[in-house]
Amino acid sequence: GSGTVLQVPVNHPLPVPAAPLPAPPDLSFVEGWSPSPLPPSPPAAAEVTLREFHDRAAGRRFGEKVHRALEAAPPVGAKWPPSRPLPVIWGQGEKTRWRTICAQIAASGLRRELAGADLVGTEFPMLSFRGGWSREERADLVVCFRGSTAKESGEAPGEHWVVDYKTGPREEEQEETHREQVRGYMEILSGAWGVPVRGFLWYVEMGGAVEVDGRGKTPTGRNR
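Under the numbering used here, the first residue of the sequence shown is numbered 2, with each subsequent residue one higher.
I should point out that these hints are in silico values taken from the structure, not numbers from a laboratory.
Any given hint might turn out to be false.
What the hints assert, rightly or not - Cut-off 30 Å, straight-line C-alpha distance, at most; resulting in silico cross-link-like pairs (DSSO-like, lysine-lysine): (1) K80 with K96; (2) K80 with K66; (3) K96 with K66.
Said to hold, decoys possible - What follows is a list of derived Cβ distance ranges for each label pair: (4) W134 with D27: 28 to 34 Å; (5) E177 with P26: 50 to 56 Å; (6) E177 with E53: 19 to 25 Å; (7) R113 with P44: 31 to 37 Å.
Heads up, the beta-carbon is just placed ideally off N, CA and C, and yes, glycines get one too.
Throw the hints in and build the complete structure from the sequences for me.
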């Protein structure tokens, strides 16, 4: 079938009823409120020249290489330094620094004590729980003294040592941060294994080591 289109002329638009305006929001809860003052701006960071930035980056890279070398050949046991090649490619001037480090380690009192220790692990993984957070941490070196070895060295049987290597000069302003890190390692090992643990910061390039006292003890900073 077919339909018919009905067309009706409209001279005026159809009336539209006016919509009521919405009620204004109740803002009485903000009366007398003022925002908290902004915290003070942090101090401006010290400017670092391009040369300083390059030197710091080079220092970090060298430190990483030293850690890899000592991970592959830890200064524990009777024979050290190692005669075998290490998995490290030294840059310009770095091999000379490494030889200096080897000489400093060999002459260190801590190295003489480590000669009678048993290796537990290098880059030793442990799980840390602090402030509701957990994360994996790695100690550079963990050793223990057992049986006759402990008796000969004067250490307590079963005593463990955790050592954190440091390259470059000793920085007093950073040392407490490093000590706190080693204290964390000591607490983890002592709590997990129920053994006495001592900790050391070993400045391998400068030739000195500092024993780290546990939390709650008066720091002595004994050098070795």
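Point to revise | Verdict for R113, P44 (Cβ pair) under range 31 to 37 Å | key: violated (45 Å)
Review point. Given the hinted pair K96 and K66, is their alpha-carbon gap at most 30 Å?
Key: holds (11 Å)
Review point. Is 50 to 56 Å right for how far apart the beta carbons of E177 and P26 are?
Key: With Cβ atoms ~54 Å apart, the hint holds.
Check your understanding: Is K80 within 30 Å of K66, Cα to Cα?
Key -> At roughly 21 Å apart (the allowed maximum being 30 Å), K66 and K80 satisfy the hint.
Practice item. Just tell me: holds or violated, for the beta carbon distance of W134 and D27 against 28 to 34 Å? Key: violated (42 Å)
Point to revise | Distance restraint hint 19 to 25 Å, applied to the beta-carbon atoms of E177 and E53 | key: The hinted range 19 to 25 Å holds for E177 and E53, with Cβ atoms some 23 Å apart.
Review point. Taken at face value, is the distance from the CA of K96 to the CA of K80 at most 30 Å?
Key: Status holds; Cα separation ~20 Å.
The structure does not agree with the numbered hints 4, 7 stated previously, though it agrees with the rest.
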